[in-house]
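First to last, the protein sequences are chains P and W. Under the numbering used here, the first residue of the first sequence is numbered 1, with each subsequent residue one higher. Under the numbering used here, the first residue of the second sequence is numbered 280, with each subsequent residue one higher.
Do not take every clue at face value.
[Claimed, not checked] 35 Å max Cα-Cα, derived DSBU-like pairs, lysine-lysine:
no.: 1; chain 1: W; residue 1: LYS378; chain 2: P; residue 2: LYS56
no.: 2; chain 1: P; residue 1: LYS237; chain 2: P; residue 2: LYS56
no.: 3; chain 1: P; residue 1: LYS25; chain 2: W; residue 2: LYS378
no.: 4; chain 1: W; residue 1: LYS553; chain 2: W; residue 2: LYS373
no.: 5; chain 1: W; residue 1: LYS378; chain 2: P; residue 2: LYS87
no.: 6; chain 1: W; residue 1: LYS376; chain 2: W; residue 2: LYS477
no.: 7; chain 1: P; residue 1: LYS25; chain 2: P; residue 2: LYS56
no.: 8; chain 1: W; residue 1: LYS553; chain 2: W; residue 2: LYS477
no.: 9; chain 1: W; residue 1: LYS373; chain 2: P; residue 2: LYS87
no.: 10; chain 1: P; residue 1: LYS237; chain 2: P; residue 2: LYS87
no.: 11; chain 1: W; residue 1: LYS373; chain 2: P; residue 2: LYS25
no.: 12; chain 1: W; residue 1: LYS378; chain 2: W; residue 2: LYS553
no.: 13; chain 1: W; residue 1: LYS477; chain 2: W; residue 2: LYS378
Hint data in this document are derived by calculation from the structure and do not stem from the laboratory.
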Amino acid sequence: MSSIAKEVIVSRRPLGSSLSRWFGKNLIRIYMALAFTYLFIPVAYTFVFSFNDSGKSNITWQGFTFDKWLNPCGAPRVCEALGNSIKIGLLATIFSTILGTLIAFAIGRYAFRGRSASNLLIFLPMATPEIVLGASILSLFLVLQVNPGFWPTVIAHVVFCVSFVVVTVKARIASLDPRLEQAAMDLYANEFQTFRRVTLPLVAPGIAAAALLAFSLSFDDFIITNFNSGTVTTFPKFIYGAAARGIPAQANVIASAVFFLALALVIIGQVVSRKRKVY
Amino acid sequence: MKKISTPYLLLLPGFAFLFTFFVFPILSLAQVSTATPISGGDVGEFEQTLRFRNYLEAFLESREHFGRSLVYALLATFIALMISYPLAYALAFKSGKYKNVLLVLVVAPFFTSFLLRTVAWKQILGEEGFVVPPLRTLGLISESTTLTSTAGAVIIGMAYNFLPFMTLPLYASIDRIDPRTLEASGDLYANGFTTFRKVTLPLSMPGVVAGTLLTFIPAAGDYVNAELLGGPNNTMIGNVIQSRFLIPDYPTTSALSFMLMAAILIIVIVYIRKAGTDEVV
Chain P
1 MSSIAKEVIV SRRPLGSSLS RWFGKNLIRI YMALAFTYLF IPVAYTFVFS
51 FNDSGKSNIT WQGFTFDKWL NPCGAPRVCE ALGNSIKIGL LATIFSTILG
101 TLIAFAIGRY AFRGRSASNL LIFLPMATPE IVLGASILSL FLVLQVNPGF
151 WPTVIAHVVF CVSFVVVTVK ARIASLDPRL EQAAMDLYAN EFQTFRRVTL
201 PLVAPGIAAA ALLAFSLSFD DFIITNFNSG TVTTFPKFIY GAAARGIPAQ
251 ANVIASAVFF LALALVIIGQ VVSRKRKVY
Chain W
280 MKKISTPYLL LLPGFAFLFT FFVFPILSLA QVSTATPISG GDVGEFEQTL
330 RFRNYLEAFL ESREHFGRSL VYALLATFIA LMISYPLAYA LAFKSGKYKN
380 VLLVLVVAPF FTSFLLRTVA WKQILGEEGF VVPPLRTLGL ISESTTLTST
430 AGAVIIGMAY NFLPFMTLPL YASIDRIDPR TLEASGDLYA NGFTTFRKVT
480 LPLSMPGVVA GTLLTFIPAA GDYVNAELLG GPNNTMIGNV IQSRFLIPDY
530 PTTSALSFML MAAILIIVIV YIRKAGTDEV V
């Protein structure tokens with residue numbers, strides 16, 4: 001009897017309701033699948049075409065080969081460009097992380113005259129379009145009669161990385177529980193010991209995240225680099241220059257390798273931070 | 280315990296750097312923007328003549344590009360918001376134990392070079408890609424229609440390239456929402472839509488403001504997407520600044536840069552006032 005009753009209730013619903021119900025229930029999943037497809041199409045395309053048995057230009061599929069992966073430096077100057085990008089990225093990361101962390105501690109920890117003006121000065125480089133930033137820094141170097149090149153590029157990268165470091169580290173400092181530091185003081189730690197043993201380890205994940213962000217911003221930057229690097233070729237500049245003639249498949253190999261390396265680093269970082277909860 | 284001078288000492292190295300390499304260059308840009316070429320001088324030599332007409336001439340010459348930059352950037356920001364909001368919402372509330380994995384997947388595409396991804400879109404949507412030929416065969420688009428060299432391609436390209444700047448702040452602010460406030464709204468007989476409009480959206484406003492700004496600003500000054508995905512009719516103000524810089528026509532470059540920055544700052548300030556939040560970053 002009860003099954004008949006159920007049947008009656010079900011049949012009262014309009015036709016196709018089970019389909020639309022399934023759709024409603026899974027709408028968010030369908031949406032996410034579509035969004036991730038959109039996000040990954042160019043990445044997958046780049047990866048697939050790293051196996052293309054192509055000559056100079058890598059536009060149409062010529063056949064499968066491992067050659068480019070075995071010889072990633074096979075295309076002229078591609079590894080030189082990669083090396084420059086890594087060097088510039090590391091230097092810009094070191095300088096911007098140090099400068100930015102100091103500023104973040106000042107703004108995050110102290111109330112002082114000029115604090116809101118300081119916040120404004122940090123916000124402005126982020127609100128300045130890259131093309132304006134790049135052109136203005138180069139104009140300074142031209143006035144000082146410094147030729148564009150390696151160090152001007154490093155300096156220009158530090159300018160736009162500092163703000164992102166400050167914002168990231170400041171957020172971490174703001175989320176700290178002040179009682180932890182009070183406890184350290186109560187246990188007769190002096191100011192320096194408290195900072196070294198309590199504050200710094202707690203803020204460290206934020207500093208690490210900021211450094212990673214700075215490196216990836218610097219590594220992938222094109223517009224500011226294009227203004228300030230002169231004859232020095234970075235990896236994005238190499239791709240831009242090659243885009244007109246045809247990009248060698250080795251560029252796809254390097255970009256795909258960087259992708260997997262970064263993914264592995266993030267996953268390791270997540271696993272490590274879950275193992276030892278630093279909160 | 281804490282000395283008054285400590286914060287200033289902490290700020291000193293960073294601010295000395297920013298003043299030398301950010302504030303000072305912007306001021307020198309202002310100085311160059313009213314200069315004129317020295318008659319009989321070398322290419323790239325200019326003298327200060329306080330010629331404010333530079334601004335007017337530069338603006339009149341490239342007002343179309345200014346307009347296009349603002350329209351394209353606004354549309355790209357809107358599309359990025361439409362894509363990111365449901366994504367960030369799903370990440371925060373619906374992804375359960377896969378939250379961290381999915382969060383990594385959202386950021387992961389941006390570990391591949393920005394230029395290479397844009398070139399990939401150009402090739403995918405291009406004449407020899409895997410989209411156009413099938414559409415032609417099926418007769419869905421005519422022989423003369425292209426997907427690249429269009430405004431749509433530039434806008435989609437920008438929306439794609441600046442997507443993490445939208446998704447991450449949105450996720451950060453939606454993730455902070457206490458799910459109990461949504462339950463409370465449901466208990467008070469609000470339907471799903473009303474709960475979203477009256478509870479979720481207002482609480483996620485800081486993320487919306489930060490995300491739209493971080494997307495709009497780079498999009499308005501961008502020239503790479505317009506160059507790779509657009510045609511001659513889609514050039515933006517960034518393309519003009521870039522090409523003027525190479526001539527080199529520093530006064531026009533500087534005047535255009537200044538106007539672009541002023542336009543963006545005005546939009547940002549008005550927008551923050553309207554959106555009613557000071558929490559920009």
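Verification of the hints:
1. Among the hinted pairs, W:LYS378 with P:LYS56 is inconsistent with the structure: their alpha-carbon atoms are about 42 Å apart, more than 35 Å.
2. A distance of roughly 18 Å separates the Cα atoms of P:LYS237 and P:LYS56; the hinted pair therefore holds under the 35 Å criterion.
3. As the CA atoms of P:LYS25 and W:LYS378 are separated by approximately 19 Å, the hinted pair is consistent with the 35 Å bound.
4. Note on W:LYS553 and W:LYS373: the hinted pairing holds, with a Cα-Cα distance of about 31 Å set against a maximum of 35 Å.
5. The hinted pair formed by W:LYS378 and P:LYS87 meets the criterion: a straight-line CA distance of about 34 Å does not exceed 35 Å.
6. With a C-alpha separation of about 28 Å, the suggested pairing of W:LYS376 with W:LYS477 holds against the 35 Å cut-off.
7. Only pairs whose Cα atoms come within 35 Å are accepted, and P:LYS25 paired with P:LYS56 is rejected, the gap being roughly 49 Å.
8. As the CA atoms of W:LYS553 and W:LYS477 are separated by approximately 18 Å, the hinted pair is consistent with the 35 Å bound.
9. Our distance criterion of 35 Å between C-alpha atoms is broken by W:LYS373 and P:LYS87, whose separation comes to about 41 Å.
10. Annotation: proposed proximity of P:LYS237 to P:LYS87 holds, straight-line Cα distance about 15 Å (limit 35 Å).
11. For the proposed pair W:LYS373 and P:LYS25, the alpha carbon gap of about 11 Å is at most 35 Å, so the pair holds.
12. Restraint check for W:LYS378 and W:LYS553: satisfied, since their Cα atoms lie roughly 33 Å apart, inside the 35 Å limit.
13. With a C-alpha separation of about 25 Å, the suggested pair W:LYS477 and W:LYS378 falls inside the 35 Å cut-off, and the hint holds.
Against the hints set out earlier in the document, violations occur for numbers 1, 7 and 9.
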